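Line order of the protein sequences matches chains A and B. Terminal number for the first sequence in my numbering: 425, no gaps in between. Terminal number for the second sequence in my numbering: 510, no gaps in between.
What the hints contain is simulated information worked out from the structure, not anything from laboratory work. Among the hints, erroneous ones may be present.
Unchecked claim - Computed, partial: chain B to chain A, Cβ under 7 Å:
| hint | residue |
| --- | --- |
| 1 | D427 |
| 2 | A440 |
| 3 | P441 |
| 4 | N463 |
| 5 | V470 |
What the hints assert, rightly or not - Calculated cross-link-like contacts (lysine-lysine; reagent style DSS-like; alpha-carbon spacing at most 27 Å):
| hint | chain 1 | residue 1 | chain 2 | residue 2 |
| --- | --- | --- | --- | --- |
| 6 | A | K119 | B | K481 |
| 7 | A | K35 | A | K131 |
| 8 | A | K393 | A | K182 |
| 9 | A | K119 | B | K505 |
| 10 | B | K505 | A | K128 |
| 11 | A | K297 | A | K325 |
| 12 | A | K297 | B | K491 |
| 13 | A | K73 | B | K481 |
| 14 | B | K481 | B | K505 |
| 15 | B | K436 | A | K73 |
| 16 | A | K132 | B | K437 |
| 17 | A | K393 | A | K297 |
| 18 | A | K61 | A | K128 |
| 19 | A | K73 | B | K446 |
| 20 | B | K460 | A | K132 |
| 21 | A | K132 | B | K436 |
| 22 | B | K460 | A | K128 |
| 23 | A | K131 | B | K481 |
| 24 | B | K446 | A | K61 |
| 25 | A | K393 | A | K420 |
| 26 | B | K460 | A | K61 |
| 27 | A | K131 | B | K437 |
| 28 | B | K436 | A | K61 |
| 29 | B | K481 | A | K132 |
| 30 | B | K437 | A | K73 |
| 31 | A | K131 | B | K505 |
| 32 | B | K491 | A | K131 |
| 33 | A | K317 | A | K330 |
| 34 | B | K491 | A | K214 |
| 35 | B | K446 | A | K132 |
| 36 | B | K437 | A | K61 |
| 37 | A | K325 | A | K214 |
Claimed, not checked - Far from chain B by the CB rule (all over 12 Å, computed), these chain A residues:
| hint | residue |
| --- | --- |
| 38 | G19 |
| 39 | G157 |
| 40 | S164 |
Note that this is a predicted model, so its numbers are computed, not measured. For each residue, glycine too, the CB sits at the ideal point set by N, CA and C.
If you want the building blocks of each chain, they are given just below.
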Amino acid sequence: MNNRVVITGLGVVSPNGIGIPDFLYAIQNGISGIKFIPQFADLNFNCQVCGIPDFELHQLKNYVTETTLYGLKSKGIGYGIKAALDAWTDAGNHIASEQTLWNTGCVFGSSVSDTEMIKNTITRVDSKESKKLGSRVVEQIMNSGITAYITGRLGLGNKIINNSGACATGTQAILLGYEYIKHGMAKRMVVGSSEFVDAYIFGAFDSMRVLSRKFNSHPEQASRPMSASADGFVPSSGAGALVLEDMEYALGHNARIYAEILGGATNSGGQRNGGSMTAPNAEGVIKCIEEAIEISKIDAQSIDLVSGHLTATIADKLEIQNWTKALGRKGINFPKINSLKSMIGHSLSAAGSIELVAAVLQINNNFVHPNINLEDPNPEIVDLIGIVNLPVKNLQMEVNVIAKANFGFGDVNACLIISKFNNNG
Amino acid sequence: MDRIAILNELKKVLAPYTERKEMLESINEQTDLIKDLNINSANLVDIIIEAESRYKIEIDIDSAAKMFTVGACIDVIYLKINHTA
């Protein structure tokens, strides 16, 4: 089977905008979602800024039942519910189906379950009060809690998978959902990912000295992918979600189609040849992008925009070098490239799905969102791809094909190719 | 605290766990928590934890296992309150 797969619904909980209209406005106008966090200063973190969506759990009032909401404490699950249910209704569905929807599944990713909840559990157990924990802890500290809440609410009955692949999680979730539909195993998939970086996760990254630390007094300038002054990434939280459908199925009910997923790939460099727990093997990255292009049956020349991983570390330059090799394009001939992380930071597991939502919006509205904080591009990057391909202002242009990739700890790579939907294709 | 007072207090304990708010107003000793109020059976432990803290009592596992109807809840709570007192 080789079914075509289209995107019919979008949802997002981003530090610079919740819901598609606000998020679209934010990315067109280069609005940062990075803020100074007093708690992180109190905790003596080097990095004291992060991206946090303006979201509280009570905002789920019309999304889940009152009894579900009572006792729901996990922010990561909350973000995921909001994004997934928004995508679901955006695709023209009502939230709760009476019957199980056997043709519809869900792949939703996350990296760490709520550590605040785990801390509370540990405290209770250690003070010999485990019987006061109640019934709602397990479902919120299990990694699959997020898919359990989403699919239970929607009544989904096809494949239900909670995936985890560090910073490639979101891209992998979308790829898995795409593959199930492509191979005829499902008609629809709700896909996406979520991340809530609380102080405990943040502290562990801070200790690795990979986070930005020089811009604590200017939070909006802290996330600077591809710039000469980039000094580490800015952790972030949120969720992105999409509804994917078999093209024939979508056309059958006159769905509004945002874009098509042409193909994608995921692999690992095996932590060999320069690859490690924390750094990618360049050969693996290049193979992954090449394979995604091959599966998509496109010419690399047709790619208009690269939505990079580009976190604002020294790896940015290596990533761009890999893109030039994988696409066989460099200098002025390189496509436009941008990093959503310049506005919202690096939301780890959620990065891939929020960035793919941004990519779909750019295809759908014909623009390339700006790279903010790129007044001083890294000269080595400029040498590789030319300053003209690093837009710092919103760029109105025809965007037909986007390559989106993310790379994660464990030397995991994932790449997706999406295009404008054209039924004659 | 008499049975009526316990029942009225019990309504507040049960409220967050049922979507059937209108039925909650008219509960009596025969009301079944799961069948009538549609409370998720897994949440019965949360109701017991909440009752323990509200009435300042401890409900052992064997007593908790009987608490499926409003009447049975009142029996256990009534006994524990008077036992403690």
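Hint check:
no.: 1; hint: D427; verdict: violated (28 Å)
no.: 2; hint: A440; verdict: violated (9 Å)
no.: 3; hint: P441; verdict: holds (4 Å)
no.: 4; hint: N463; verdict: violated (9 Å)
no.: 5; hint: V470; verdict: holds (5 Å)
no.: 6; hint: K119/A with K481/B; verdict: holds (26 Å)
no.: 7; hint: K35/A with K131/A; verdict: violated (39 Å)
no.: 8; hint: K393/A with K182/A; verdict: violated (37 Å)
no.: 9; hint: K119/A with K505/B; verdict: violated (32 Å)
no.: 10; hint: K505/B with K128/A; verdict: holds (22 Å)
no.: 11; hint: K297/A with K325/A; verdict: holds (18 Å)
no.: 12; hint: K297/A with K491/B; verdict: violated (64 Å)
no.: 13; hint: K73/A with K481/B; verdict: holds (25 Å)
no.: 14; hint: K481/B with K505/B; verdict: holds (9 Å)
no.: 15; hint: K436/B with K73/A; verdict: holds (24 Å)
no.: 16; hint: K132/A with K437/B; verdict: holds (19 Å)
no.: 17; hint: K393/A with K297/A; verdict: violated (31 Å)
no.: 18; hint: K61/A with K128/A; verdict: violated (34 Å)
no.: 19; hint: K73/A with K446/B; verdict: holds (23 Å)
no.: 20; hint: K460/B with K132/A; verdict: holds (25 Å)
no.: 21; hint: K132/A with K436/B; verdict: holds (20 Å)
no.: 22; hint: K460/B with K128/A; verdict: violated (33 Å)
no.: 23; hint: K131/A with K481/B; verdict: holds (15 Å)
no.: 24; hint: K446/B with K61/A; verdict: holds (16 Å)
no.: 25; hint: K393/A with K420/A; verdict: holds (23 Å)
no.: 26; hint: K460/B with K61/A; verdict: holds (25 Å)
no.: 27; hint: K131/A with K437/B; verdict: holds (21 Å)
no.: 28; hint: K436/B with K61/A; verdict: holds (22 Å)
no.: 29; hint: K481/B with K132/A; verdict: holds (13 Å)
no.: 30; hint: K437/B with K73/A; verdict: holds (21 Å)
no.: 31; hint: K131/A with K505/B; verdict: holds (18 Å)
no.: 32; hint: K491/B with K131/A; verdict: holds (17 Å)
no.: 33; hint: K317/A with K330/A; verdict: holds (13 Å)
no.: 34; hint: K491/B with K214/A; verdict: violated (61 Å)
no.: 35; hint: K446/B with K132/A; verdict: holds (25 Å)
no.: 36; hint: K437/B with K61/A; verdict: holds (20 Å)
no.: 37; hint: K325/A with K214/A; verdict: violated (32 Å)
no.: 38; hint: G19; verdict: holds (26 Å)
no.: 39; hint: G157; verdict: holds (20 Å)
no.: 40; hint: S164; verdict: holds (26 Å)
Hint compliance for this structure: hints 1, 2, 4, 7, 8, 9, 12, 17, 18, 22, 34, 37 are broken, all remaining hints hold.
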